[in-house]
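Protein chains: 2
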Amino acid sequence: MQNQLIEPSLVDEIISKVSLAIGTEKVNLQEALGKTLAEDIHADRDFPPFNRVAMDGIGIHDSMLNPNGNTFLVEGVQAAGAPQLTLKENTNCIEVMTGSMLPEGANVVIPYEWTEKQGDKITVSDFKHAEFMTNIHQQGVDQKKGDVILSKGQQITSAEIGVLATVGYDQVEVIAAPKIAVIATGDELVAVNEVPKDYQIRMSNCYSLQATLKDNGCQSDIYHLVDEYDLLKTKIENLSNEYDILVFSGGVSKGKFDYLPKVFDELGIVKQFHGVKQRPGKPFWFGITKDEKAVFALPGNPVSTFLCSNRYLLPWLTHQLKNNQDNLPTKAYLDVDYSFKKPLTYFLQVKTYFDETGRLMAQPVTGGGSGDLSNLTSANAFLELPADQDNFEKGQQLPIWFYKK
Amino acid sequence: MQNQLIEPSLVDEIISKVSLAIGTEKVNLQEALGKTLAEDIHADRDFPPFNRVAMDGIGIHDSMLNPNGNTFLVEGVQAAGAPQLTLKENTNCIEVMTGSMLPEGANVVIPYEWTEKQGDKITVSDFKHAEFMTNIHQQGVDQKKGDVILSKGQQITSAEIGVLATVGYDQVEVIAAPKIAVIATGDELVAVNEVPKDYQIRMSNCYSLQATLKDNGCQSDIYHLVDEYDLLKTKIENLSNEYDILVFSGGVSKGKFDYLPKVFDELGIVKQFHGVKQRPGKPFWFGITKDEKAVFALPGNPVSTFLCSNRYLLPWLTHQLKNNQDNLPTKAYLDVDYSFKKPLTYFLQVKTYFDETGRLMAQPVTGGGSGDLSNLTSANAFLELPADQDNFEKGQQLPIWFYKK
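Going down the list, the protein sequences come from chains A and B. For what it's worth, the working numbering labels the leading residue of the first sequence as 1, then goes sequentially. For what it's worth, the working numbering labels the leading residue of the second sequence as 1, then goes sequentially.
Possibly wrong hints are sitting among the right ones.
[Claimed, not checked] Some, not all, of what chain A presents toward chain B, calculated at C-beta under 7 Å: (1) 105; (2) 142; (3) 161; (4) 165; (5) 187; (6) 193; (7) 199; (8) 253; (9) 331; (10) 354; (11) 359; (12) 361; (13) 365; (14) 374; (15) 377; (16) 398.
Keep in mind the hints are simulated off the structure, nothing from the lab. For clarity, every value in this text was computed on a predicted model and none was experimentally measured. Glycine included, each C-beta is placed from N, C-alpha and C at the ideal position.
Sequences and hints are given; from them, build the entire structure.
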């Protein structure tokens, strides 16, 4: 039976209909980086929590801001981390440190740089337009107690880590990482630390897949299944119970030992498509289990696995985890003329750079085709050349998919 | 004593003169992601290692490519992962699977899609321009045995992980992560899980610093030192022996309890500068220990710590580790007019986006100044507005420093 090949855009549409069953979990603050918040975070006090001194200097009362300068008797020193002092006389001053509470009774801070000290007296000859609340970070101007300062669904980067610490979250509720199984198939595969026979190769796709997922905050476990029908069936049934997402590499071409589509069918994993009008990665298979779990069966050629995981699996997963990274451009300009004459979408390996006007340019890095994994290390993205066009001109803007960010 | 403030560009120049004493370490393949190769990686065999079948179909001899088609007796099936078969008669064929060895005697692969099977015979009515070596990925075209396929200094992303697995590296020599101590100072700081008194705040800078480093592949340990002169001296001496890099937050302003510069001096940590003509982060202190280790003492305001670590510490560290990430633009276009009238370089918090022509645009996100960490979560980068200009026009291209990538 010939499979109906579908367009890449339809692949996105079909996959996007599958929702990952998302759980949440509590993690320690120091483990939260890269995760997505599963709760709103509220300010537990005003920020700043008090009128905070913003410069090292002296705290005085604004009635003393004489245009001709003034001299103050030092009453004391207000340190950061010390209880609030009180300025007893408006004509006096208290030395104040950055980050300390503004002493009760003071309402202006004059930096040391404008002062001169003699004994226990400090003179300011020029107040330089200082006024009520100058050099004071006033209580509550940034946030009021109870304000939502981080929202559910927000990604936790280093800035959010700082905020979480500030408001007292040493643990935080985040979107739980899905359980992902990465499954290599094929009798030709041997372990990385083995010396392959002439006709064998080492397992590599499962490791690059695992790394792609890890780079995006998702752990995964690796399995290797040999091409034996009954064994495949039992193992895959178990894996589909145990994991949230199954990602296969190999076993979906038209070969005699490409049992996967049949096994999936018998296990009630319903095929959504088998075959995409693209190069590389044409034999890509995708299905849904009875429990609505996604099964990605990617073609086994290294570059095909790599393209399919970066072009389809990752954007879907990222979207599911609300783990949006939208700071990279989604389009780039081809920097030479390029032809691809087959009626397939071609994912061209490119090296990107920015020209002097800041436009993202894409330079083709052509290598040995879908088996040539090492060529991928010289490029950093795939440029998507649509099927309905044969000749692409220098300067044409096209969708781009980064795999090195 | 008044310190001589220096320009941001001079900061880069001074810091760049410090070389991190880089060691190497062997790590497991699955731990190597994000690290930098400390050895050249050679192909241990040709790639492909044999003439590899690129399509499921039949292997035949090119003398049989008759324009009128031909019919072949099937001699056998060549599976992937099985020893090489031999085609006994040029008039016969062997069924071949993607990834398998090309049978001895065959030199063309015809995909199943062009064939028809009847009993033990397979007919091809149209060879569609197939010729010698069509659909065969020839031995050694991608790499020859002994070729350097990954070079020392190259960053290990998911693509490199795949290559390393392919050539048998289950362990790999990488640049060792430096030992970094992140040290919070200040008596006003309490632990994240404590409820601060009125005049106290929770430690947060050390956590955002740690996260910034972690996001860039570097682990660090956190310490909190109170403002007690002798204690500071003993502890810092120990830390400077134990760690490769010391990063302080707080204690470098002009306050009475800002002991760090004096302690550093007594410990023989030679000041390179104290004070940068910038906002935020003006009191930034940097020095070098007797063992040529870098000591970054960052101002304690949350946004100041954050700016200084992302603008100076991180680019230096990344360069030292040869861990180049050059896929993000280094300049952006201001998307509104903006004024900053002080003779300081101003690091403006911005939210970036790409316009329809693909230019990176920067939109100011103004908040509560250097204490307002939560404003950072709404922006994703700092736009560097140079000191020698007061008014910046919409459309001006300026250096940009991302902290969310």
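Mind listing which of the numbered hints don't hold for this structure, in increasing order?
Going through the list in order, the structure violates hints 1, 12, 13 and 16 and respects the others.
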